[in-house]
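Starting from the known structure of chain V, arrange chains Y, H and L on it as the hints suggest.
Protein chains in written order, with the numbering used here: chain V, 271 to 607; chain Y, 271 to 607; chain H, 271 to 607; chain L, 271 to 607.
Simulated from the structure, these hints should not be mistaken for lab results. Quick caveat, the model's predicted, so the values are computed rather than measured. Using N, Cα and C, we set each Cβ at its ideal position, and we do this for glycine too. The reader is advised that the hints may include incorrect statements.
[As the list claims (entries may be wrong)] Just a sample of chain V residues kept apart from chain H, beta carbon distances all over 12 Å, derived: (1) GLU331; (2) ALA382; (3) ALA411; (4) PRO430; (5) PHE523; (6) GLY539; (7) TYR557.
[Said to hold, decoys possible] Here are some, though not all, of the chain L residues that point toward chain H, as calculated from beta-carbon distances under 10 Å: (8) VAL486; (9) ALA492; (10) LEU496; (11) ASP500; (12) ALA505.
There are 4 protein chains.
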Amino acid sequence: MADRLRVGIVGSGRIGAVHARTLAYRVPEAEVVAIADPNQEAARRLAGELGVRRTSADYREITADSHVEAVLVCSSTDTHASVVTEAAKAGKHVFCEKPLDLDLARVDAVLAATERARVKLQVGFNRRFDPDFASIRRRIAGGEIGAPELLRITSRDPRPPPVEYVRVSGGMFLDMTIHDFDMARFLLGEVEEVYVSAANRVDPRIGAAGDVDTAVVVLRFASGALGTIDNSRRAVYGYDQRVEVFGSKGVLFNANRTPDTVVAADSTGVRGPLPLDFFMQRYADAYEAEIRAFVRCVRGDETPPATGADGRRALVLACAAKKSLAEHRPVEVSEIG
Amino acid sequence: MADRLRVGIVGSGRIGAVHARTLAYRVPEAEVVAIADPNQEAARRLAGELGVRRTSADYREITADSHVEAVLVCSSTDTHASVVTEAAKAGKHVFCEKPLDLDLARVDAVLAATERARVKLQVGFNRRFDPDFASIRRRIAGGEIGAPELLRITSRDPRPPPVEYVRVSGGMFLDMTIHDFDMARFLLGEVEEVYVSAANRVDPRIGAAGDVDTAVVVLRFASGALGTIDNSRRAVYGYDQRVEVFGSKGVLFNANRTPDTVVAADSTGVRGPLPLDFFMQRYADAYEAEIRAFVRCVRGDETPPATGADGRRALVLACAAKKSLAEHRPVEVSEIG
Amino acid sequence: MADRLRVGIVGSGRIGAVHARTLAYRVPEAEVVAIADPNQEAARRLAGELGVRRTSADYREITADSHVEAVLVCSSTDTHASVVTEAAKAGKHVFCEKPLDLDLARVDAVLAATERARVKLQVGFNRRFDPDFASIRRRIAGGEIGAPELLRITSRDPRPPPVEYVRVSGGMFLDMTIHDFDMARFLLGEVEEVYVSAANRVDPRIGAAGDVDTAVVVLRFASGALGTIDNSRRAVYGYDQRVEVFGSKGVLFNANRTPDTVVAADSTGVRGPLPLDFFMQRYADAYEAEIRAFVRCVRGDETPPATGADGRRALVLACAAKKSLAEHRPVEVSEIG
Amino acid sequence: MADRLRVGIVGSGRIGAVHARTLAYRVPEAEVVAIADPNQEAARRLAGELGVRRTSADYREITADSHVEAVLVCSSTDTHASVVTEAAKAGKHVFCEKPLDLDLARVDAVLAATERARVKLQVGFNRRFDPDFASIRRRIAGGEIGAPELLRITSRDPRPPPVEYVRVSGGMFLDMTIHDFDMARFLLGEVEEVYVSAANRVDPRIGAAGDVDTAVVVLRFASGALGTIDNSRRAVYGYDQRVEVFGSKGVLFNANRTPDTVVAADSTGVRGPLPLDFFMQRYADAYEAEIRAFVRCVRGDETPPATGADGRRALVLACAAKKSLAEHRPVEVSEIG
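So that you can see chain V by itself, here it is in the shape it has in the complex:
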């Protein structure tokens, strides 16, 4: 392997640009050598900013480029499976934004392809790299709270996505809750049963598109622990991202992050800062850390901290949630696959 990992980036939208800048400015062990995007103007603008030589409209120019060692897949969800598969076949290591695909069979095909090619595949579960959640996991593992008995994930977005996006996203469970399913597994291990109660409360157009925007998910873990996830597409006070783990010897929980810590009091009350607005602010450090981890794993030949198999398990839980909602009953995860 060359001194610096040569990375090609597929997709120069918001998250593609974030990862590209991380690699260019903050990861000396890697360099961005090519950017592909059907939106050629976006690709060229980003390449210009970062001093990247090559851009193309077609991602295949990157997956076919023998100079490229690793590919970051930041294109639209419906292209993930194809890009990852082709990159893997060409022997490139792959970082792919979640989800690998909305269809379980296609995900299985992607995993088989990367396995055959013996390349690394890391899935973009950025929250695993957040210092709060990483600390909670480490402390549970260290026995600080004894046996975990109850998990609670609060995961509320500040505002819903456009309805057009809702229509192609696979629905809230595959698009939004999938991060919480991964967090549940990250902290407490495998889930055996899923039950969902959900509603369309925020925007009737979301309901008209066949989706929900407010949900409570109950999890039963293989360990016997129980968990809840509580989701909303609209928390007017900002992005609400909290975890609480209750165990036989204690409890661990985090708080939302705020832009500053300034509190004011006057005759009308005590006022503190709102949480950081949304994921780009809240998880800025985590996005950086996941890309660093990917580069480190590829260069050091280690297993990525969020594998393709992790991506698959979270998808299975999301599918179980959809089935539970449709059939109005608890669903065994083994029913899904």
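Just chains Y, H and L now, with coordinates in the frame of chain V:
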């Protein structure tokens, strides 16, 4: 009605003594005129402390006493229905600790008796009188958070009751969660559907007694809002009593109360005080407030703030929870009654 | 001594009524047997509420009453010295609101009189009985933060007193800061030097009356520790009562108390409750505890937890503060007496 | 001016390296073109990491280099005046770590030199760029708390510097408190009087070197507001950096920053995270922001947000503090210069 409300107390155990002292020392509008308890020594000791003239082993001496205007029923649960019924028949107003009875048919009979007698019946849902929860209810009603969408009740006891008590208590849902069911109704109104996931994690003897000690309850309200209750019989850090209500325009939540507010920091961390140990400390003010409210309602001929019908509804939800656990499915509240 | 301590109360104003009710309703070991107040109507109203038989316009009817064992002095400051002295001469134990007097020589005379009479004298430094400050003192004494190095007292009233009161009060240091001087001694021991920087910022009429309303006081303790007190007569957000003690091994601090713990967040911010409004709310429990302590000390023949000598020391510090302000220099406490 | 500002860095120690990396990785509008340090190995290592072409042992090679447009002075304090003066004479804009010099006359000479040369001079008061303190200043200026009446700065280091450093540092007021003096001016404007009470409590060797390690400073502002600074060289719980500003309409304060937000509770207490260890962690973002601001000011021909005159004023306050300590009296700032 005489100047001071003449109250007889049935049951001089822990909670009976608390209410008796409240009446004697802090409610000038009432006086305790008689105390009944099969444990004569306990009754006499309490009567001595408070300067109460009459004690008896048989509660019927109180319900039959024409001098008594109101009866506080603080005896063991299995006696509640009989005492309330006899007191009502004798025209006395009644304050009864929860639950009225573990059996829905008997509760209906009790309610019918009090209705026929046109006496007041207040049920001991003390948490309604806690300043935090009362404030949350008031602020929801005032529209502060718009339409409620998600309710979360955290209700964890510091330690489980003796197994002998578990055996006669009707189980965790009727004994402990029933307070949370009432709180859910108090804050967000009627519940239409209940789903339970529960486990025996704290003490195997509780499981051997046929009960659970760790549970997640999902509620669907008539309004369309969703809710969760999360229970444990053992929170090693103390009595954990929190509510969070999330709505279209904001969120409201409380914190646990602590004996003092002193925080210490040293080289090992920042340490704050634990929550008050258990209900006798946490709800001391609420116990006083509910008795004041009862006296006020009787004297002012007003509807009690927690009626017999409220007691019945909470019991129905607890029965629905038991059925959901037994049948492993969401249960419509209308299936119960 | 009789079974119940027979107490006479001189002064039936706000604080006198608070102490009288405490004795009547919450201290079974004592009873109020007489109330004196030149305002006969106030005395009779309070006596009526509490079932006290005797009232008088002249406090001497109480100090001369052989039936009375202890006297609570809650009259105006200018009468304290006379009442305490006469009560002591008549062999009564005395609880006196602070200050004993504004004049040091008169205070010395009072102390001599109570000493000669061998009666107990407790001064109304109610804050010593607050659970937060008592806990901080206990923990310092237990070595939790090593050697104290810096003390910080935040003591801000919600609003200034009437200017008429300011004129007779002896000024902010004798009226308000005196509590903080006592707190400083309570926590860290004797003070050797006082420096004051102060201003008239809140109300020009206070300045016109020759007083200040905003101040910073610097203390040097005999132990070598340093301290600051920061005072304002107008904290628009409520009564601000905080202490922080910094030591070689850590730090201890408390927070303000609030009527409830409910926090709300909406699109404009996170809002929490304001501190309890003023001393009657903030120190309600402390007022009760100090009276209980007084009764206990008299009945048990123990030294009161806030003696006449403590009252004198706090007065000395207040005088030093006045001198520092007048002479614009640090003042040795030994210069005062 | 060229497209990218060409910067030379004098001093490749800890803070020099931080600024160099900021310029290299995070400020595309600038580039590091030369690094000077008598410690040639350190200079070369840093230059190698950042791809900087030129290094030298003698800073004069940088100040004399016509290619260099701006100089960052990160060398030892005793060299600041010479480097800044020579750089200014050569027409370079200068960013200088605080203090410009320990001697007021030399500072005046430096200021005269930069003024004559019409170059920008920014002094390294990094805390002005912290989001908390910047927000507090903005909100005071916006009238949120009315007229400021009391300022409180808590500024405690986690551990003292080596005694060798203490000997050459000019003492705590010039080395450490100088940041707090600048913060006081930044928030509330000019100071007219300074009073100090200080002690040697942490390490006797600091006292032997003629310095103090624990101090309380009282400030009187031109506006009439009062302020305190409380310093310690050893806060065992970490770097304590808090500000509170109390005004006629409210109060503003910040909290310490922590590495994560995770709280744990068990049977022994509730434990939260300690503050970030020291200035390199606490002010990492502020260091970056001050360098960005410097580059922006030079390129945009704007006045720096912390000028040489600001550096001088803070030094004057530090000198007044030393004088107050020596003479044991309040010192008018006008006595110093």
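The hints, checked one at a time:
1. GLU331: 45 Å, holds
2. ALA382: 47 Å, holds
3. ALA411: Non-interface label on ALA411/V holds, nearest chain H Cβ at 29 Å vs cutoff 12 Å.
4. PRO430: Label holds. Min Cβ-Cβ 15 Å, cutoff 12 Å.
5. PHE523: Nearest chain H Cβ is 15 Å from PHE523/V, so the label holds.
6. GLY539: 5 Å, violated
7. TYR557: 25 Å, holds
8. VAL486: 5 Å, holds
9. ALA492: Constraint on ALA492/L not satisfied, violated at 12 Å.
10. LEU496: Holds. Min distance 5 Å.
11. ASP500: 6 Å, holds
12. ALA505: Since the shortest Cβ distance to chain H is 7 Å, the answer is holds.
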